[in-house]
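> One letter stands for each residue in the lines below.
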Amino acid sequence: MSTPLEHDYIGLAETSSMERSSEKLSSSSSSSIPSIEDKTSKTANDTCLNLKETELRLGLPGSQSPERKLSLFGQDLETNDKSNGFAGSPLKNLVSGAKRGFSDAIDGSNGKWVFAMNGKSDVELAKGAALASPRVGLDSKTNSQQAKTSVSVMKEVVGVPQSPKPVQDKNNLVPPVNDHAIAPASKAQVVGWPPIRSFRKNSMASNLAKNSDEGAGCLYVKVSMDGAPYLRKVDLKTYNNYMEFSSALEKMFSCFTIGQCNSSGLPARDGLSESRLMDLLHGSEYVLTYEDKDGDWMLVGDVPWEMFTDSCRRLRIMKGSEAIGLAPRAMEKCKNQN
Amino acid sequence: MRKKMACSLPDEVLEHVFSFIRSDKDRNAVSVVCKSWYEMERWCRRRLFIGNCYAVSPRMVIRRFPEVRSIELKGKPHFADYNWVPDGWGGYVLPWIVEMVGAYPWLEEIRLKRMVVTDECLEHIAKSFKNFKVLVLFSCEGFSTDGLAAIAASCKNLRELDLRESDVDDLGGHWLSHFPETYTSLVSLNISCLGSDEVSLSALERLVGRCTNLRTLRLNRAVPLDKIAYILRRAPQLVDFGTGTYSADLQTDVFSNLAGAFYSCKELRSLSGFWDVVPAYLPAIYPVCSRLTSLNLSYATIQSPDLIKLLRHCPSLQRLLVLDYIEDSGLEALSSSCKDLQELRVFPSDPFGVERNVSLTELGLVSVCLACPKLQSVLYFCRQMSNAALVTIAQNRPNLTRFRLCIIEPRTADYLTLEPLDVGFGAIVEHCKDLRRLSLSGLLTDRVFEYIGRYAKKLEMLSVAFAGESDLGLHHVLSGCESLRKLEIRDSPFGDKALLANSAKLETMRSLWMSSCSVSFGTCKLLGQKMSRLNVEVIDECGPPDSRPDVCPVNKLYIYRSVAGPRFDMPPFVWTMDEDYALRDS
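Protein sequences appear in the order of chains E and U.
When the letters of the first sequence are read in order and numbered with full-length UniProt numbering, they come out as residues 1 to 338.
When the letters of the second sequence are read in order and numbered with full-length UniProt numbering, they come out as residues 1 to 586.
There could be a bad hint or two in this list.
30 Å max Cα-Cα, derived DSS-like pairs, lysine-lysine [unchecked claim]:
1. Lys374/U <-> Lys309/U
2. Lys374/U <-> Lys457/U
3. Lys227/U <-> Lys293/E
4. Lys530/U <-> Lys458/U
5. Lys233/E <-> Lys486/U
6. Lys486/U <-> Lys433/U
Just so you know, the hints here were simulated from the structure itself, not pulled from any lab data.
Given the sequences, and given the hints that come with them, work out the whole structure.
This is the structure in structure tokens:
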């Protein structure tokens, strides 16, 4: 039963009939994919990239100002001296995505499609993040880095699933990511493929942990933030170190701070109070804490990363004022464990 | 001549006739015959199913159906099951509970799926519905054991408490003990999702002992194996039982106790649980195996030889959930032992590993499909597939109604010919004329969607990932699949043209989800503005989509039909495209 023509067509596609639009679709698909996607993405990229030059970008730990080491969580973190604003976690997410599904069997046409998307999404990421920070900061290097990153990303994608091929040191890969890691923080839990429910994933994770020394699979923990209306869940196994983890969390919860900054309830715009946002994201107003296996609340960052992922049961981003008194306990515990 | 009018029947007769009409579809058909039938039907409708809680508002529902006793609501899109929908997206049931407390004081049953349920909701339910009987929270979250304690303490007529796959915050406090000693009406209890959280065993044992009508009992992992025998002996009338952890040190008395307890359960038809299985204890269930119709071993890490031994004892099996440890050899054995099999689900034991860890291929599935004539429903994770296998399955099992295949590596081609799997899936939709649900995987071009559009006329739900080449693929599906209700797509190059050309189709569906596709923001705005009965929601955690040019694709898009207009409980990363959006935008 075919629907009448008038109802299908809402007046703004190029053709005015189903048949013609099907033909157009089929003719456009008969040409190879790169040409369609490249055409649209090129225009998008051109406009997007031009605007990108002038946009504000999110400065994260380890970015252009080495003196600013504090992150959202008030911790001194090791920084990789990467010139772009984004830390390693988006790329790590790509890598974990690569482990989980970005196949090295990306053949010519599909591969190109992926990159056409990549160009756009990378820009989206930059522009979106721009709202969150007053930092000005695009080098001219970015454009060439983007191209460089595509190549290095492709190599990484190819490299990771197959052990014989050389795997690039993840730390050397330059962010920003240009693939579907548009929202990298939540991408850690979103990129998941194959589709397995988290209850099953967590059950299997504890099976494997019991059977072998490596805990493969993944480990979801809840993250709550004081003042935020709902919890988020993160998979600790997708991060390699505190730095990646903290920047991922920062991205995930920056949505809350944007929302908070805008009292009228409209989508946040450029007219944010810059100083207020600075305080929230880069100052020490919030502190990251976790509940360990014993039920104690500890400051994140005191123990080696692996020990942290083994013992962390849930996380809480609490207001700095409430975190007083946690540090001494953490120190004692460390001493006792050693 | 006096015209014979349907509405001239007296109300009592109509009401009586309608009481035999149970299905929603029939009820809906009845209600549009004429005004008086509409009125009569709405007063005597007792059971409601609302597949998308945002499609209608609680007030609208209550206005039309004033005497509802049972309600079922679904919230988040299906892809939320795999964590592809960010937390906080929505699906809050509290507004519904609040309205129903006032309007339906005699509400007896609430069934929720993928919704956010808080302890406050549970407390409302406990206090307000005096005749409350059934609470099913399927894949829900947001509540804790405190809320459960409130239900246990106050719902004197509770018959069913089913928390399957929900995410429950364990705050301790032994909520099970809150069932009063006088409470005896429990028929079904499913707490398997409580994971490693402790449950008060003595409270559980007492509860089981006094609830003589208990038919379904699914325990959680924390219940040790040596306690099972005691529980089973107190409830030999059980029909459906889920164990806790199925491992213990090998002791003959524990084993014989367990086997004896199972032996006493003559009504047992369904078994599940089986976490951490020690194979030596499996034979304890042999006494019940010959009657078993449903077996869920999907958490049991037992190897193929043990599985084969077990399955040989289960000739009546209709439903099997199992890990891929069963391997092709185990599936071969299954196909010869279990001729009544209707549903098979094979889950991956190591889905994120790169190397194949078990000898499970397409051959296992083919052998079951060839030998089990009643097989209707398949969910199969594997690492290789061929068009030949799919064609064989299609030709031999035209009675398939649900076929969900997940080839673990995206875009995997036919391993024999290196071609896309278009022809194989095409055969599935061509031969299985009653196919209602299909999940695709592997390397797929637009051709497969052409087949789907042409043949899959009864298809209601389609899941697509990493497939297709152009808008034509999506266009085939939207224009061809007449029964399509739910479409969910990720990482596929579908964009604006297909959506715009088929926008009216979207109003005939429950919902459309597209993530990491090529739909531009401009198209989303256009759809939202033009289609007043669609809610077009853009999900983007990087900031408002209007900060980028309209040609930029959106990250995630969720479109659903609604008579309630845009919702207002969205988190900061979800934007509704409607007529007002453009105004707010400027």
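> Which hints from the list above does the structure break, by number from lowest to highest?
none
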